[in-house]
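Visitor: Sequence:
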Amino acid sequence: MTESWPTSPEEARRLQERLRDQVVTEDRLGPVRAVAGADAHYAPVQGLTWAAAVIATFENLELEESVLACQRTAFPYVSGLLSFREAPTMLDALARLSRTPDLLLVDGQGIAHPRRLGLASHVGLLADIPTIGVAKTRLVGRYEEPGPARGAWSPLLHRREVVGAVLRTRPGTRPLFVSPGHRVGLSTAIDLVLRCTPRFRLSEPIRLADRLSREHAP
DNA sequence: GCGACAG
DNA sequence: ATCTTGTCGC
Numbered sequence: 000m001t002e003s004w005p006t007s008p009e010e011a012r013r014l015q016e017r018l019r020d021q022v023v024t025e026d027r028l029g030p031v032r033a034v035a036g037a038d039a040h041y042a043p044v045q046g047l048t049w050a051a052a053v054i055a056t057f058e059n060l061e062l063e064e065s066v067l068a069c070q071r072t073a074f075p076y077v078s079g080l081l082s083f084r085e086a087p088t089m090l091d092a093l094a095r096l097s098r099t100p101d102l103l104l105v106d107g108q109g110i111a112h113p114r115r116l117g118l119a120s121h122v123g124l125l126a127d128i129p130t131i132g133v134a135k136t137r138l139v140g141r142y143e144e145p146g147p148a149r150g151a152w153s154p155l156l157h158r159r160e161v162v163g164a165v166l167r168t169r170p171g172t173r174p175l176f177v178s179p180g181h182r183v184g185l186s187t188a189i190d191l192v193l194r195c196t197p198r199f200r201l202s203e204p205i206r207l208a209d210r211l212s213r214e215h216a217p
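Note that numbering that gives the first Met the number 0 gives residue 119 to position 120 of the first sequence, counting from 1, and the numbers run on in steps of one.
Since the hints were made in silico from the structure, they are not lab data.
Beta carbons are placed, not taken as given, at the ideal position from N, Cα and C, and that holds for glycine.
Possibly wrong hints are sitting among the right ones.
Pairwise CB distance ranges (calculated) [what the hints assert, rightly or not]:
#: 1; residue 1: GLY29; residue 2: LEU62; range: 35 to 45 Å
#: 2; residue 1: ARG141; residue 2: ALA73; range: 14 to 24 Å
#: 3; residue 1: SER3; residue 2: ASP190; range: 29 to 39 Å
#: 4; residue 1: GLU64; residue 2: ARG198; range: 19 to 29 Å
Generate the whole structure from the sequences, applying the supplied hints.
Guide: Laid out in structure tokens, this is it:
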């Protein structure tokens, strides 16, 4: 499944161009009961990448299962090519879950990407599961600052296209950059992310995954 | 040519 | 992402 994984940035960009049309940006998901969150961290000294995947109940966002995966970091960090660095380990973690989640929230962009294939879209495509990109900062696109109330959002535009939403998940904090990953439309993505982010700035599944991977990275 | 640039 | 303490504010 990870055979012929790109080695160079040029090769990676070519693969993105070849896969971009396979990403589905319309709702193709069933009832959401189990929501997963995925995040990765690095241990530079050991040259390792740690990825965590958790599953929480969509209803109360309580942790149900958490797994970890670790691999040697094999691709450099290049803006726009993050998936080639994190996806292998993230997919490893997802495969360790006892069941397939109904939805996956990924710490990174979905289609709000130069070639419409951010980490969330790439992982969703390879695992064939509905995903949403939930990033803390912008990669591409222009936008107007969303209102101060929780739930306020403004479109993220890139090359005349709406590629995501800048969403205020909590008053007094910086907004999140939400974009369809795979098999989830933008409006549904916004709704789902809000439901998964009832209290803090970050979505609960991602917070749980972030905490877990961070504990095992040092 | 000059900035911008997920994690 | 990672390197890093205290500190201001709700």
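Visitor: Which numbered hints turn out to be false for this structure?
Guide: Hints 1, 2 are the ones this structure does not satisfy, whereas the remaining hints hold.
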